[in-house]
Amino acid sequence: MKMKKFINTPENLVSELLSGFAMANADKVVVEDGLVCRKSSKSADKVAVVTLGGCGHEPALSGFVGKGMLDISVPGEIFAAPGPPKLLAALRKAKRDAGTLLITLNHAGDVMSANMAKQMAEKESIKVSEVLTCEDISTGPREKPEERRGLAGCLLVCKIAGAAAEAGENLEEVTRIAQKVADNMATLAVAATSATHPSTGQVIAEVPEEDVIIGMGQHGEAGSGQMPLPTAKETVAFMLPALLEDLSIAKGEKVMVMINGVGSTTLMEQYIVLNDCKNMLTEKGIEMARSAAGEFLTVQEMGGFQMIVCRMDDELLKYYDMPASSPAFTIE
Amino acid sequence: MANTINIGKFTEMLLAAAGQIKANEAMLGELDSFGGDGDHGTTMARAMNNLIGAIEKDTSGQFQSLLMDIAWAVMGTDGGATGPLFGSLFMGMSEASPATDEIAAKQTGEIFRGGLVSIQKQTKATIGDKTIMDALIPAVEAIEAASGSDDIKTIFEAGYKAALAGAESTKDISARFGRAKNAGDANLGHQDPGATSVSLIFKGMLEALKS
Chain A
0 MKMKKFINTP ENLVSELLSG FAMANADKVV VEDGLVCRKS SKSADKVAVV
50 TLGGCGHEPA LSGFVGKGML DISVPGEIFA APGPPKLLAA LRKAKRDAGT
100 LLITLNHAGD VMSANMAKQM AEKESIKVSE VLTCEDISTG PREKPEERRG
150 LAGCLLVCKI AGAAAEAGEN LEEVTRIAQK VADNMATLAV AATSATHPST
200 GQVIAEVPEE DVIIGMGQHG EAGSGQMPLP TAKETVAFML PALLEDLSIA
250 KGEKVMVMIN GVGSTTLMEQ YIVLNDCKNM LTEKGIEMAR SAAGEFLTVQ
300 EMGGFQMIVC RMDDELLKYY DMPASSPAFT IE
Chain B
0 MANTINIGKF TEMLLAAAGQ IKANEAMLGE LDSFGGDGDH GTTMARAMNN
50 LIGAIEKDTS GQFQSLLMDI AWAVMGTDGG ATGPLFGSLF MGMSEASPAT
100 DEIAAKQTGE IFRGGLVSIQ KQTKATIGDK TIMDALIPAV EAIEAASGSD
150 DIKTIFEAGY KAALAGAEST KDISARFGRA KNAGDANLGH QDPGATSVSL
200 IFKGMLEALK S
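Read top to bottom, the protein sequences are chains A and B. Each residue of the first sequence is one higher than the one before, starting from 0 at the first, in numbering that gives the first Met the number 0. Each residue of the second sequence is one higher than the one before, starting from 0 at the first, in numbering that gives the first Met the number 0.
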């Protein structure tokens, strides 16, 4: 597959995209020293929320910066985490007595940078707590969270932790709530068509013409199940029960379902899939308390989506419903 | 025979290592395409450009602070695990180095061991996991074993030989760490790009000693 992208030199991808991103969202974010920061900063007595991650997944993760969401996003290179110095700079910038919650997606580079930056920050008496998101059920069992990748479910952690921080909860409480979301969500991805790495032009995911691959990661990492293209309903029948089972969701419980388009799967398809999720949950006697569909964390032009299920209770619903205003996600 | 190494020669060695990586950027990217996303070559080239930048800016003229400056520059590569891993290698080497402009041959073992200990704080990967450790661990052990020889060239010859053998051994195993572990057996039959980078670094250092 030949790469067909409107880009310039590979070396400048990140700086150019961040520059355009800031222009397009000038009412919500500013880019300072390579860090994407909230335009109207939060009062210093409230906990700051920071995340880090590679670019190429737009609007994630910098699209989650804004009121009621993240204070700072630390962008890396294309599909590659930022180094510890840049994260340390963000932690210094966010430094406050109330402390900072760091949300890290479970990928090797992100975890290493986070660990090193946290150690350095602690030496400077910067108060940081961390929540790791590892919710991809295709890469490991629930008992081995370290084997599970962090996928688009991080949006829910950012949203709910961001709301708790905005509401003035202390670091311990914001961390507890963020961890509760992380523990109660599960994600499964399906890939329909492949994508190319924008710097190298290399195909990052081989998906056979007639098939889909369930469980493919957001950098084209191998998935677990390959099958001929199913209907939306069949796809949901494969994916949703696996997620519900992983979370041990029982009849009568409330869940949120999020369909995250990863690039070239249309919103039309995402809505159809979401509708099928609702139907299946109704059949099972599970309440779909909240839902969302859209492109939150993409993988270039890859076709497919990630299905995220999160067990909701009154506490999580309260924070989920609080106002949020970020480039990629808004609650009014 | 040289039983000491000064900062000028050491700098030449590092620049030659960077040269090896940059000359093999495309090959490293291709190796990464069998399990990763094909960016190891460009990422390592950026890391080496940062290393060169740190060397050019350094005015200290001594091992400890030169290596620390390089560590920060390499960590700042923003290239996933590459920055923290190679950055902590240099950081550990710095911490094990004296603040002098010359080191004795017998000190090389403890300096590289310091680097290895530091990198092992960041990753649990060990020999057989198809990572940089397959080349780095044997190289450091060989350098330690040869440190008694009192000849810098003999020491780095041993290090390169072990790193090269270690990198070649990764051909026959599947990745168990990093992003490549999720690629199944796609990388079987191909050398690990990270281990290959380590052997290229030792190759460059040895070549600078021979010139």
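Among the hints, erroneous ones may be present.
Claimed, not checked - For lysine-lysine, the following DSSO-like pairs were computed, each having C-alpha atoms within a straight-line distance of at most 30 Å: (1) LYS122/A - LYS120/B; (2) LYS143/A - LYS41/A; (3) LYS122/A - LYS123/B; (4) LYS21/B - LYS4/A.
Rather than coming from a laboratory, the hints here were simulated on the basis of the structure. These figures come from a predicted structure and were not determined experimentally.
Numbered hints the structure breaks, given as an ascending list: 2
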